[in-house]
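Protein sequences, first through last, are from chains A and B. Counting in our numbering, the first sequence runs from 1 upward without gaps. Counting in our numbering, the second sequence runs from 1 upward without gaps.
Everything hinted at is true.
Heads up, simulated DSS-like pairs for lysine-lysine below, C-alpha to C-alpha not over 27 Å straight-line:
#	chain 1	residue 1	chain 2	residue 2
1	A	138	B	67
2	A	53	A	142
3	B	67	A	53
4	A	53	B	59
5	A	142	A	2
6	A	138	B	64
7	B	64	A	53
8	A	53	A	138
Simulated from the structure, these hints should not be mistaken for laboratory data.
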Amino acid sequence: MKRRVVITGLGAVTPLGVGADVLYERWAAGECGILDGAGACTDFEPSELLSVKEVRRLDRFSQLALVAAAEAIIDAGWDGGLPLDPLRIGCIIATGIGGVQTIELQHDVLRDRGPERMSPLGIPSQMPNAAAAAVSMKYGLKGQAFSVASACSSGAHAIGCALRMIQYGDADAVVVGGAEATLTPFGFGSFNAMQALSPTGISRPFDARRDGFVMGEGAGMLVLEEASAAAERGARVLGEVSGYGSTSDAYHLTAPEPSGEAATRAIELAMNDAGIGADQVDYINAHGTSTQLNDAAETAAIKRALGEERARRIPISSMKSATGHLLGAAGAAEAVATVRTLQARIIPPTLGYGVPDPECDLDYVPGEARPLVLSNGRPPTAISNSFAFGGHNVALVFTGPRS
Amino acid sequence: MATVTAEQVEGRVVETLASFGPDADQISRGSTFEELDIDSLDLVELAQVVEDDYGVVLKGEDMKELKTVGDAIDLIVSRAE
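Please construct the entire structure, taking both the sequences and the accompanying hints into account.
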């Protein structure tokens, strides 16, 4: 029998503020953290939250991760000390791109002053595993620690990987999440060159007027623990990671395969892994990027995986309408919001949704938050989707508390 | 190049080290790098500052022997003369 994996801590830094509660509550209240076409973490002041050494040594993506991890670890009740053998605690922090701010700064130094003036912190700050290394060192987590990278599905892949790590018995707990900080000239220039960013600066997933994604930054972190160990220490359980499925389109570098066949399969795999049928899905936290192609392909995949009839009755919303697209952090921050949704049983809306698109014909929770309705006393269950450049598809199933 | 005084070097070294993390008032000639949590990466950055300011080139093998802030100041002053 598979070991069960529960969620005991949550943390987030997003354009809606510093904290998991502020993320969920502001989104559910219909507030948007996007300003001037970008989802910047304007409330995040590294020097107030981190030591001088941490600020100097960490790229912004790792700074965001460390602050979100601190919140999740305190939330799990680990701040008085680790509840398990440190060798049994892993740390996986995904990033789509890594420390691009550091690379840009050091490239300026290289060009202007020569290679001998480059900082010895250049590589260790920009490396994609820097955030996992920082969290592992700060908290003494001595199990497996590394990063995973799959562009915009990185955060979700990290959670899937952590789930398997605990299920397989390689760890009894994992501090897991994703972080991204690419609001830089390279980030904007590259995404603009692809014509992926919204020229109007509006993130309105599934709306007929959608014209691209709005780039955001941030981090989402979760503490996952093996269920019996968590119960033994009397941990407060916030929810459960109950299923994971992942596939690849093998189709195109940036465009999703239009029929959504592989994405459908990822959702089906996650549902099978969780042992649930379509009638047990109460909510879908969509990838919903606000690009023409993603939102149509995702809609097609949801319909194929759950059946059209059932898919029409499931409320679906996209957090990217409130925060923009956190890229490699998206799957993790959206997991945090999904767990909070299942706890509160209030579904936050897809902000800005107004004009239906024939290709996106499901219930995207327009307007305002609404109660999550349960049929038969079972615990509330949600799917969170993440899809990525490269054709990567990830679906996660989360289960909330029974009451 | 104008003569550099030990006081000038000390002031610059303390200021630079303080920018790496420890409080300036915690740093004295007798402080060890270990107790200040200054590691080899910090010392490479210190060497870059020293080279810019005093034209003194400090290599890895020079830095390896340094245990205290005073050791670093003395080495820089002796090389700058």
